[in-house]
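Engineer: Just so you know, the protein sequences line up as chains A and B, in that order.
Residue numbering for the first sequence follows my numbering, starting at 1 and increasing by one per position.
Residue numbering for the second sequence follows my numbering, starting at 1 and increasing by one per position.
Derived from the structure by calculation, the hints contain no laboratory data.
Among the hints, a few may not be true.
DSBU-like, lysine-lysine: derived pairs with alpha carbons at most 30 Å apart [said to hold, decoys possible]:
(1) B:K30 <-> B:K41
(2) B:K61 <-> A:K105
(3) B:K65 <-> B:K115
(4) B:K65 <-> A:K135
(5) B:K30 <-> B:K65
(6) A:K184 <-> A:K223
(7) B:K41 <-> A:K139
(8) A:K139 <-> A:K36
(9) A:K184 <-> A:K105
(10) A:K135 <-> B:K51
(11) B:K61 <-> B:K115
(12) A:K223 <-> A:K135
(13) B:K230 <-> B:K41
(14) A:K135 <-> A:K121
(15) B:K51 <-> B:K30
(16) A:K105 <-> B:K115
(17) A:K121 <-> A:K36
(18) A:K184 <-> A:K36
(19) A:K66 <-> B:K41
(20) B:K65 <-> A:K105
(21) B:K230 <-> B:K115
Here chain A is said to cover these stretches of chain B; the calculated rule only asks that three of the stretch's residues, wherever they fall, bring their Cβ under 8 Å from a Cβ of chain A [claimed, not checked]:
(22) 96-102
(23) 105-114
(24) 128-141
What follows is a set of in silico ranges between Cβ atoms, one per label pair, in the way DEER data are often shown [said to hold, decoys possible]:
(25) A:S178 <-> B:F97: 37 to 45 Å
(26) A:P167 <-> B:G217: 36 to 44 Å
(27) B:I93 <-> A:P167: 39 to 47 Å
Every residue gets a Cβ at the ideal spot worked out from N, C-alpha and C, and that includes glycine.
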Amino acid sequence: MDQKPFSQGLLSSEADSQRTLYPYVTGTSVVALKYKDGILMAADMGGSYGSTLRYKSVERMKSIGKHSLLGASGELSDFQEILRYLDELILYDNMWDDGNSLGPKEVHSYLTRVMYNRRNKFNPLWSSLVLGGVKNGEKYLGMVSMIGVHFEDNHVATGFGNHLARPILREEWHENLSFEDGVKLLEKCMRVLLYRDRSAVNKLQIAKITEEGVTVSQPYSLKTFWGFSAFSNPTVGAEGSW
Amino acid sequence: MFRNQYDTDVTTWSPAGRLFQVEYAMEAVKQSSAAIGLRSKTHVVLACVNKASSELSSHQKKIFKVDDHIGVAIAGLTADGHVLSRYMRNECINYNFTYESPLPVGRLVVQLADKAQVCTQRSWKRSYGVGVLVAGLDESGAHLYYNCPSGNYFEYQAFAIGSRWQAAMTYLERRFENFMDSSREDLIKDALISVRETLQEEKLQISVCTVAVVGVGEPFHILDQETVRKLIDTFEIVREDGSPAPEPGDAAPDLGEAAPAAAAEEGAAPMDI
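So that you can see chain A by itself, here it is in the shape it has in the complex (with noise of 0.2 Å):
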């Protein structure tokens, strides 16, 4: 057994290239609202590389099993990880053949482990989840962080939704939301996210949840409005400047 040299110190692991040291491909908010028939979840199709809006065609949420959908923003290699990871517990849950299966809030604990485990050992998976579901008629909405912190909630977002998002839906969300009402408020968060986020991109999908099955909508943009006054001629306070 050979040692690792002592001058590797102590937050190294075997070998350090394979650790999550920043994120590199990434994905921004994601928002999701509980309503009356089960979970609304919304997420554009980016993929950042860096500054750049490198990837538009990106599905950031996935259904998983019978009863849960995963949002993800952040590390998108990470959140393919994850995916693999509840492939496998969803395969040897349904292999039990016993008529128990998962339900959201079991896939919520696990992934709570899996996360705070990964960032024990300094090598964190870089992904912000939004888990939600619905089983025997009870909804379930929580998030889990990179560093395990996780929680449920009415309504949650990740990154720079929990800054424009969350004022939103504290304000407008209420129990018992209509489909169409919680289509709306997700849009009117998500519009607010394609003006102030930079790394929004104008194609998203919203998903929703019920006891019956997900859905998720066909890739569909917002109407925005740029026709300001303040827009037409900005250089009018400082003549000269572009």
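Once you've looked at the hints, dock chain B against the given chain A.
Structural biologist: Okay, now just chain B, sitting in the frame of chain A:
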């Protein structure tokens, strides 16, 4: 059962396709004191005969709480039963920690069965000499399972293991069709009566039996002696009247002559004619 040349190792088959060591392990279950389980749609009751080996000693613990929603009653080598209970408790706690949810009973039972099977296929091991009645509640309802030393497990409406299990089973077979819709109290009474069936000569007293319940909104717990005593008194008195009551007394012919002595007195034992 007689000794033969194929019964030394658990890994030796007999020409008839039997594993004698496993069968001997199941004998250990049959020779020990009885344990009985019954379930309804919402509750599961476990009852067992708990005789102390002498007046000076305490009796062996045969019922174990495994988690809030699961409990077991064992019959056989109690030491093996302790080890299996510890395994089951561990599995429940680990599942709960990872998934923040109770372990479904059906899955725990399969894990226990697979653990028992391993011992039937290793030359350096022996089977666990204990039969386990697993009572539990999960999303899919109330369940009662029996785990055999052979690694087999079955789900039951009602089951009895240990000595004179046949007497209890006869009673249970007569009444099991009603169990699904039984109330909690009736289920417990039926359990106590089944225990009494296995105590041929003796009186059913609280010093001899232990009862545990798990149900919807009711975590698994062992009933205290006072409660059990009251229940025994209730149905003994009912029996003396010969009135039908929530559950009819036995059809056994000796009932008509039951002594007027209250159950608390040391009068004629109920089973004496």
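Engineer: When the hints from earlier in the document are held up against this structure, which numbers fail?
Structural biologist: Hints 2, 10, 12, 14, 17 and 21 not satisfied by this model.
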